[in-house]
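*Asks:* Sequence:
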Amino acid sequence: MADICPFEPGAWHGRFYGRANAYIGSYMKTVADGVKQAANMYLLVIPATLTPPSAHRGFKSVVWFGAAAPSLTSGNVGEVRLDADPRLLMLSLKTTFSHMYQIVDLLRSGLVTDFAFEVLPDNDNVEVGRIVSWSLDCSFDAAGGA
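Just so we're aligned, residue 3 is where the sequence shown starts under the working numbering, counting upward by one.
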């Protein structure tokens, strides 16, 4: 196990490429007092290149957007870690169902290819970088034409 976080803290840049895959489904989860409740999930998987703050060259990666609840309640909005193949990074980002639909629309329309996210060390697991913020960079003609 590493003794320092292998993910440089700070503002990272990402660029999507290739084909996105979406997975939509439902599952049963146990809530208070052993009661089972149906829950929905929506996963979006996209290949991307991730570039740390001090580098000029990015790392191949897979970005997972996950929506499994109507709102976010934890202190971070994702994590970055090494994939099973150590040459690759895996970035998982949490979002809400309403944002997931917006993300899909922006990707399908070609208005977004770049994104940014901020990495901080995870004090409980040095092999993971916590994501405390992320954003998609959109570009379009606001005047409605050239």
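Don't read these hints as lab results, they were simulated from the structure.
Hints are not guaranteed to be accurate.
[What the hints assert, rightly or not] Pairs of lysine to aspartate or glutamate, DMTMM-like flavour, derived with a Cα cap of 25 Å:
| no. | residue 1 | residue 2 |
| --- | --- | --- |
| 1 | K62 | D116 |
| 2 | K96 | E129 |
| 3 | K96 | D124 |
| 4 | K96 | D85 |
[Said to hold, decoys possible] The calculated label-pair distances, taken between Cβ atoms and stated as ranges, are:
| no. | residue 1 | residue 2 | range |
| --- | --- | --- | --- |
| 5 | K38 | G112 | 17 to 23 Å |
| 6 | D143 | P11 | 16 to 22 Å |
| 7 | D139 | G27 | 26 to 32 Å |
| 8 | Q104 | E10 | 25 to 31 Å |
We put the CB at the ideal spot given by N, CA and C, even for glycine.
*Asks:* Each hint needs a verdict: does it hold in this structure or not?
*Replies:* Status of each hint after checking the structure:
no. : hint                      : verdict
1   : K62 with D116             : 14 Å, holds
2   : K96 with E129             : 19 Å, holds
3   : K96 with D124             : 16 Å, holds
4   : K96 with D85              : 18 Å, holds
5   : K38 with G112: 17 to 23 Å : 41 Å, violated
6   : D143 with P11: 16 to 22 Å : 36 Å, violated
7   : D139 with G27: 26 to 32 Å : 29 Å, holds
8   : Q104 with E10: 25 to 31 Å : 29 Å, holds
When each numbered hint is compared with the structure, violations occur for hints 5 and 6.
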